[in-house]
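*Asks:* Sequence:
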Amino acid sequence: MSADTDPPRRSPRFHGRVEGAAPHCAVEGCPAPGEFRAPAARDAQSPADRPPQWRWLCLDHVREFNTGYNFFSGMSADEIEAAQRPYAGWERETRAFSSNAHAPGPKWADFTDPLDAIGAGYRQKMEAMRAEMAQKNMARQDGKPLSPEDRTAMRVMELGTDADRKALRTRYAALVRRYHPDHNGGDRSHEKALQDVIAAYTHLRKAPAFA
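Take the sequence shown: its letters are residues 0 to 210, numbered as in numbering that gives the first Met the number 0.
Source of the hints: derived by calculation from the structure; they are not laboratory data.
Some hints could be false.
What the hints assert, rightly or not - Straight-line distance between alpha carbons at most 27 Å, and here's what the computed DSSO-like set of lysine-lysine pairs gives:
| hint | residue 1 | residue 2 |
| --- | --- | --- |
| 1 | K205 | K165 |
| 2 | K191 | K165 |
| 3 | K205 | K143 |
| 4 | K205 | K191 |
| 5 | K191 | K124 |
| 6 | K143 | K165 |
As the list claims (entries may be wrong) - So the derived label-pair ranges between C-beta atoms look like this:
| hint | residue 1 | residue 2 | range |
| --- | --- | --- | --- |
| 7 | A39 | E148 | 42 to 50 Å |
| 8 | A39 | G159 | 51 to 59 Å |
| 9 | V175 | F64 | 56 to 64 Å |
| 10 | S146 | Q52 | 38 to 46 Å |
| 11 | E63 | R187 | 52 to 60 Å |
| 12 | G159 | Q52 | 48 to 56 Å |
| 13 | E157 | F64 | 45 to 53 Å |
| 14 | R187 | D59 | 53 to 61 Å |
| 15 | R168 | K124 | 27 to 35 Å |
| 16 | A166 | D186 | 26 to 34 Å |
| 17 | D163 | S188 | 40 to 48 Å |
| 18 | R168 | R129 | 54 to 62 Å |
| 19 | G142 | R187 | 36 to 44 Å |
The beta-carbon is built from N, C-alpha and C at its ideal position, and this holds for glycine as well.
Build out the structure end to end from the sequences listed, making use of the hints.
*Replies:* See below:
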């Protein structure tokens, strides 16, 4: 392969350097090669979901850029608030049937260090994934099959792997009492949890394991 067609190469001396990325630094009048990628300035008129834009800077100018870089520059108040949530980027996960569907996520007010809040959210997510995997590896003693949807609904109902139809009805009655507004002084804050329980119960009533 000739020198003209060789792809840009990363230099081990400085983290992030890409040799040959751009012939010149993006700063006007700078003759040095642009070997370090930096975010371009945000445009308030651009769509929020537009892919990030980049520019190539020389070592001196990327150092200068990093010193004064503000991640939230150009964001609206709502966008900044969304970016600061510990669960930012994770909202697309369906939580109705997650193992901790009714457990609130970490709140920034509970932490003095933002990294601690992010770490708490990550640990909570990993614990839920481990619990899900452990349950998937468990088979019923009676040999009745459990689909992924069955297991998900059983987690919502807080049922063990070998629960039977009687246990399902008993747990359903208990959870309805726990979440129904009539049993909480008219408090309707648990309505979503109640809806999840009803949906899970309706699904499991028709499942082979509870026939």
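*Asks:* With reference to the structure, classify each hint as holding or not holding.
*Replies:* Going through the hints against the structure:
| no. | hint | result |
| --- | --- | --- |
| 1 | K205 <-> K165 | holds, 14 Å |
| 2 | K191 <-> K165 | holds, 24 Å |
| 3 | K205 <-> K143 | holds, 13 Å |
| 4 | K205 <-> K191 | holds, 22 Å |
| 5 | K191 <-> K124 | holds, 20 Å |
| 6 | K143 <-> K165 | holds, 16 Å |
| 7 | A39 <-> E148: 42 to 50 Å | holds, 45 Å |
| 8 | A39 <-> G159: 51 to 59 Å | holds, 54 Å |
| 9 | V175 <-> F64: 56 to 64 Å | holds, 57 Å |
| 10 | S146 <-> Q52: 38 to 46 Å | holds, 45 Å |
| 11 | E63 <-> R187: 52 to 60 Å | holds, 54 Å |
| 12 | G159 <-> Q52: 48 to 56 Å | holds, 52 Å |
| 13 | E157 <-> F64: 45 to 53 Å | holds, 51 Å |
| 14 | R187 <-> D59: 53 to 61 Å | holds, 59 Å |
| 15 | R168 <-> K124: 27 to 35 Å | holds, 32 Å |
| 16 | A166 <-> D186: 26 to 34 Å | holds, 27 Å |
| 17 | D163 <-> S188: 40 to 48 Å | violated, 32 Å |
| 18 | R168 <-> R129: 54 to 62 Å | violated, 29 Å |
| 19 | G142 <-> R187: 36 to 44 Å | holds, 42 Å |
Going down the numbered hints, you'll see the structure goes against 17, 18, while the others check out.
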